[in-house]
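With the hints as constraints, model all of the structure from the sequences given.
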Amino acid sequence: MQDSYSLKDIALFLDAELWGDGCAQITGLATLKSAKAGDLAFLSNSKYASQLQHCHAEAVILEADQAQQFAGNRLVVDNAYLSYAKISSWFDNAPEPSQTIHPSATIDPTASLGEAVSVGANVVIEAGVQIGSGSTIKANSVIGARSLLGEDCSIESNVSIYHDVRIGHRAVVHSGSVIGADGFGFAPDPQGGWHKISQVGAVVIGDDVEIGACSTIDRGAIDDTIIGNAVIIDNHVQIAHNAVVGDNTAMAAYAAVAGSATLGKNCVLAGGAHVVGHVTLCDNVQLMAHTLVTKDISQSGSYASSVTPLMTTPQWRKHSVRFGQLNDMALRLKKLENTEKN
Amino acid sequence: MQDSYSLKDIALFLDAELWGDGCAQITGLATLKSAKAGDLAFLSNSKYASQLQHCHAEAVILEADQAQQFAGNRLVVDNAYLSYAKISSWFDNAPEPSQTIHPSATIDPTASLGEAVSVGANVVIEAGVQIGSGSTIKANSVIGARSLLGEDCSIESNVSIYHDVRIGHRAVVHSGSVIGADGFGFAPDPQGGWHKISQVGAVVIGDDVEIGACSTIDRGAIDDTIIGNAVIIDNHVQIAHNAVVGDNTAMAAYAAVAGSATLGKNCVLAGGAHVVGHVTLCDNVQLMAHTLVTKDISQSGSYASSVTPLMTTPQWRKHSVRFGQLNDMALRLKKLENTEKN
Amino acid sequence: MQDSYSLKDIALFLDAELWGDGCAQITGLATLKSAKAGDLAFLSNSKYASQLQHCHAEAVILEADQAQQFAGNRLVVDNAYLSYAKISSWFDNAPEPSQTIHPSATIDPTASLGEAVSVGANVVIEAGVQIGSGSTIKANSVIGARSLLGEDCSIESNVSIYHDVRIGHRAVVHSGSVIGADGFGFAPDPQGGWHKISQVGAVVIGDDVEIGACSTIDRGAIDDTIIGNAVIIDNHVQIAHNAVVGDNTAMAAYAAVAGSATLGKNCVLAGGAHVVGHVTLCDNVQLMAHTLVTKDISQSGSYASSVTPLMTTPQWRKHSVRFGQLNDMALRLKKLENTEKN
Numbered sequence: 000m001q002d003s004y005s006l007k008d009i010a011l012f013l014d015a016e017l018w019g020d021g022c023a024q025i026t027g028l029a030t031l032k033s034a035k036a037g038d039l040a041f042l043s044n045s046k047y048a049s050q051l052q053h054c055h056a057e058a059v060i061l062e063a064d065q066a067q068q069f070a071g072n073r074l075v076v077d078n079a080y081l082s083y084a085k086i087s088s089w090f091d092n093a094p095e096p097s098q099t100i101h102p103s104a105t106i107d108p109t110a111s112l113g114e115a116v117s118v119g120a121n122v123v124i125e126a127g128v129q130i131g132s133g134s135t136i137k138a139n140s141v142i143g144a145r146s147l148l149g150e151d152c153s154i155e156s157n158v159s160i161y162h163d164v165r166i167g168h169r170a171v172v173h174s175g176s177v178i179g180a181d182g183f184g185f186a187p188d189p190q191g192g193w194h195k196i197s198q199v200g201a202v203v204i205g206d207d208v209e210i211g212a213c214s215t216i217d218r219g220a221i222d223d224t225i226i227g228n229a230v231i232i233d234n235h236v237q238i239a240h241n242a243v244v245g246d247n248t249a250m251a252a253y254a255a256v257a258g259s260a261t262l263g264k265n266c267v268l269a270g271g272a273h274v275v276g277h278v279t280l281c282d283n284v285q286l287m288a289h290t291l292v293t294k295d296i297s298q299s300g301s302y303a304s305s306v307t308p309l310m311t312t313p314q315w316r317k318h319s320v321r322f323g324q325l326n327d328m329a330l331r332l333k334k335l336e337n338t339e340k341n
Numbered sequence: 000m001q002d003s004y005s006l007k008d009i010a011l012f013l014d015a016e017l018w019g020d021g022c023a024q025i026t027g028l029a030t031l032k033s034a035k036a037g038d039l040a041f042l043s044n045s046k047y048a049s050q051l052q053h054c055h056a057e058a059v060i061l062e063a064d065q066a067q068q069f070a071g072n073r074l075v076v077d078n079a080y081l082s083y084a085k086i087s088s089w090f091d092n093a094p095e096p097s098q099t100i101h102p103s104a105t106i107d108p109t110a111s112l113g114e115a116v117s118v119g120a121n122v123v124i125e126a127g128v129q130i131g132s133g134s135t136i137k138a139n140s141v142i143g144a145r146s147l148l149g150e151d152c153s154i155e156s157n158v159s160i161y162h163d164v165r166i167g168h169r170a171v172v173h174s175g176s177v178i179g180a181d182g183f184g185f186a187p188d189p190q191g192g193w194h195k196i197s198q199v200g201a202v203v204i205g206d207d208v209e210i211g212a213c214s215t216i217d218r219g220a221i222d223d224t225i226i227g228n229a230v231i232i233d234n235h236v237q238i239a240h241n242a243v244v245g246d247n248t249a250m251a252a253y254a255a256v257a258g259s260a261t262l263g264k265n266c267v268l269a270g271g272a273h274v275v276g277h278v279t280l281c282d283n284v285q286l287m288a289h290t291l292v293t294k295d296i297s298q299s300g301s302y303a304s305s306v307t308p309l310m311t312t313p314q315w316r317k318h319s320v321r322f323g324q325l326n327d328m329a330l331r332l333k334k335l336e337n338t339e340k341n
Numbered sequence: 000m001q002d003s004y005s006l007k008d009i010a011l012f013l014d015a016e017l018w019g020d021g022c023a024q025i026t027g028l029a030t031l032k033s034a035k036a037g038d039l040a041f042l043s044n045s046k047y048a049s050q051l052q053h054c055h056a057e058a059v060i061l062e063a064d065q066a067q068q069f070a071g072n073r074l075v076v077d078n079a080y081l082s083y084a085k086i087s088s089w090f091d092n093a094p095e096p097s098q099t100i101h102p103s104a105t106i107d108p109t110a111s112l113g114e115a116v117s118v119g120a121n122v123v124i125e126a127g128v129q130i131g132s133g134s135t136i137k138a139n140s141v142i143g144a145r146s147l148l149g150e151d152c153s154i155e156s157n158v159s160i161y162h163d164v165r166i167g168h169r170a171v172v173h174s175g176s177v178i179g180a181d182g183f184g185f186a187p188d189p190q191g192g193w194h195k196i197s198q199v200g201a202v203v204i205g206d207d208v209e210i211g212a213c214s215t216i217d218r219g220a221i222d223d224t225i226i227g228n229a230v231i232i233d234n235h236v237q238i239a240h241n242a243v244v245g246d247n248t249a250m251a252a253y254a255a256v257a258g259s260a261t262l263g264k265n266c267v268l269a270g271g272a273h274v275v276g277h278v279t280l281c282d283n284v285q286l287m288a289h290t291l292v293t294k295d296i297s298q299s300g301s302y303a304s305s306v307t308p309l310m311t312t313p314q315w316r317k318h319s320v321r322f323g324q325l326n327d328m329a330l331r332l333k334k335l336e337n338t339e340k341n
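If you read the protein sequences in the order shown, they are chains A, B and C.
In terms of numbering that gives the first Met the number 0, the first sequence opens at residue 0 and continues consecutively.
In terms of numbering that gives the first Met the number 0, the second sequence opens at residue 0 and continues consecutively.
In terms of numbering that gives the first Met the number 0, the third sequence opens at residue 0 and continues consecutively.
Hints were generated in silico from the structure; no laboratory data involved.
Bear in mind that the values here come from a model prediction, so they are computed numbers and not experimental data.
Please note: incorrect hints may appear among the correct ones.
Claimed, not checked - Straight-line Cα separation of at most 30 Å, DSS-like style, residue types lysine-lysine; simulated pairs: (1) B/32 to C/264; (2) C/264 to C/294; (3) A/340 to C/333; (4) B/334 to C/333; (5) C/334 to C/317.
Shown next as structure tokens:
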């Protein structure tokens with residue numbers, strides 16, 4: 000990250016139409032509301048357009064139909080949100096990878112590391128691991144035996160990757176996440192208790208996958224658990240053994256897929272949406288927050304269950320009690336209708 | 000922690016009225032039910048008052064209106080629960096901080112540590128970090144570059160704090176928690192897939208905040224994620240990018256605030272209560288367990304959604320099916336009413 | 000793990016009736032569908048019986064009533080799923096424990112380790128800890144002061160165990176889990192804010208317990224939090240202070256027990272099922288996914304709440320709105336019935 004960039008260079012990178020002073024120096028990103036001199040802001044949601052009038056940004060990224068509403072420097076683009084996403088990396092303030100191996104790291108001699116790999120303090124890399132060029136493993140993370148990591152991956156601190164996990168290129172895995180722990184597989188013993196089923200499958204993750212903090216992806220029982228390309232996973236997500244998650248699917252916080260369930264491509268699971276085991280969702284399914292999917296979905300679209308409107312607790316108590324009378328109410332309604340007809 | 004304390008000293012500390020033997024030696028805390036000689040118990044919930052009769056505690060903390068019901072040593076106070084809370088720290092059995100730097104810790108030479116700071120084994124403290132006097136960082140935790148920690152903080156083992164996080168005084172952060180990971184921000188690319196938005200904001204946390212185990216507080220996208228003073232956070236909690244949590248607010252396990260949502264002061268989120276993105280809650284709002292808040296709340300009070308009464312699964316199936324007929328039932332009811340009127 | 004096992008040896012171990020070639024060499028496990036030469040498959044769910052016809056497994060584990068449907072080598076057993084569970088450990092491909100102490104581990108001189116204990120890199124074992132023979136502590140895990148671990152336990156990487164935790168024999172604890180963090184106990188201070196209650200209880204865990212990844216078991220406030228024998232716990236589970244979980248109980252992902260709640264023996268909590276504080280469940284209770292238990296359950300059986308059928312989002316919106324009219328509908332229905340009677 001440089002201290003500043005000229006607006007001209009930014010326009011060039013974004014393929015944006017530049018209205019104003021190309022020599023303006025941009026030192027950071029800001030929201031329309033908080034922007035001051037030197038800041039680059041953006042407008043992607045037209046409901047904030049009124050903020051343009053009093054916006055003190057050095058420049059604003061916006062689309063043609065809003066461009067007249069701002070008087071200062073403008074970068075006019077086709078898709079303001081995407082352009083903001085693209086330029087945001089220029090202002091990333093995370094420390095640069097060291098491209099060195101910290102002396103406290105424990106790296107098995109049979110592990111193979113590509114060029115320009117960064118390995119932080121106390122990292123443990125077990126036997127047979129392969130790490131692609133340009134990847135970073137941050138402090139106190141553990142990569143289990145024979146696991147493979149592609150190029151330009153970023154494994155944050157305190158991540159646990161078990162043995163035989165295969166991860167593609169450009170993965171980001173945030174702290175506290177666990178990939179390849181045993182699936183939850185136990186056979187009930189008729190004598191009481193449970194008999195653990197060794198989870199001999201692995202986890203296979205595609206390219207361009209991001210995994211948030213404290214998320215878990217369990218290894219398969221026999222076959223592998225599979226995550227496609229460009230899957231994005233938020234915090235506290237659970238992906239159980241032998242689940243399959245299709246390309247480009249997004250899972251928000253606490254979203255979960257139970258064992259052997261399959262999510263199609265381009266699905267979006269809102270927060271706390273869960274899919275039970277052995278169920279299959281086709282491509283392009285959206286699940287609303289807190290939805291529980293208990294059966295296959297074979298038609299793309301938006302689905303929901305369970306959530307009722309927010310109300311005050313006394314109101315809610317009244318309605319909630321009635322839920323326990325619903326079947327009775329339905330039968331009584333039917334009876335009245337029948338009386339009516341006669 | 001001493002082996003024992005005289006009841007007189009405890010009474011003095013709690014500003015309690017002492018009924019009985021001030022020389023009695025207290026060696027530990029116990030519940031009314033399990034207390035034996037040497038134990039200090041307390042009564043804060045009057046439904047347990049009947050246990051006083053057979054209680055073998057060395058002494059009991061209680062309020063004036065219950066004081067006659069116990070025959071042994073008593074500490075009569077205004078607020079028994081608060082008094083118990085205050086005295087509990089005298090019996091804390093956690094190991095004392097070492098006030099030393101473990102030789103295996105990796106501390107960047109540009110980091111600055113106050114007096115009497117304890118740093119455990121394999122702790123990693125990156126460049127520019129500042130840690131206030133009396134703070135403890137336990138084994139295998141990582142503090143990212145330029146992060147600031149106030150005085151008398153306690154960071155338990157295996158905690159991950161990313162770069163540029165600012166935490167106030169007396170914070171407690173339990174194991175497995177992650178502060179400052181990237182928010183879940185991606186722009187959909189019209190060509191397919193997602194374009195990551197660099198999360199250039201930080202996390203700012205006030206004084207006297209406690210964060211449970213395996214909880215996550217993401218860094219802001221542009222502005223900061225903000226946690227007020229005296230906020231208490233349980234395990235598995237999620238606070239997304241640019242959320243704002245007001246002073247004294249309590250969040251139980253799995254409670255969550257999505258991106259750019261704001262919680263007021265003195266709010267209480269019960270377990271699994273979630274607030275969707277860009278929504279604002281005023282001060283003094285209580286959310287019942289599993290509630291999903293989908294719109295602003297501008298009046299203080301208790302709110303709920305979604306939860307219906309517990310019933311046996313066969314009963315529940317009957318009623319649940321009827322939920323899918325609710326709209327139809329409502330229309331039919333209306334029709335019957337109209338027939339009635341004519 | 001050997002490269003292969005003879006079918007005869009496997010039959011002997013499983014006490015199975017061997018139909019076919021006892022000299023057949025088994026090199027791995029597979030599903031009926033994916034099995035090829037050398038693979039051992041199993042049939043436990045009769046709905047997959049049709050896959051037997053085209054199954055290329057070297058041998059199949061199945062029960063007598065299905066045995067005629069496969070032409071190849073068969074192991075005929077009483078309980079195919081249990082037999083598969085038992086044999087699965089022969090094919091476990093996890094790296095063998097080293098039975099050595101890694102030089103980077105930090106082990107307090109007062110800690111006591113049994114025979115053949117494996118301690119990974121950067122493990123921290125504090126004062127007074129006792130670890131039973133044959134146990135494994137993997138990289139970067141921390142065992143707090145005075146905690147006890149039985150024999151043949153397996154603590155995966157990045158696990159945090161606080162002080163004074165007592166764990167029985169043969170426990171498995173997966174990465175990212177936290178045992179013994181402070182319970183969520185705070186007394187509201189009438190002056191504002193919260194007064195932390197020191198959590199002076201511990202955690203006591205029986206034998207044969209498995210704990211998934213990123214799960215949390217808090218220490219007791221005064222008495223201990225107690226987990227029975229053969230309890231199985233999935234990922235992201237929360238067990239709050241002073242909860243009691245009975246023997247053989249299973250808790251799926253995100254299942255939770257709040258403070259001082261008690262689960263009986265042989266209970267099964269499906270994903271996201273939560274039990275509120277101070278509530279008691281008897282033995283043999285099953286909770287459906289997402290159920291919230293708000294009162295005692297004294298009769299064994301299956302219980303549910305809250306979940307309504309999956310539907311498209313437009314349908315759901317219609318019905319969900321009606322939920323907020325339920326009480327009104329019930330009163331209007333009653334009124335119509337009364338009119339009818341007159």
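- Item | Violated constraints from the hint list, given by number and in increasing order | Checked against the structure, no hint fails, so every one of them is satisfied.
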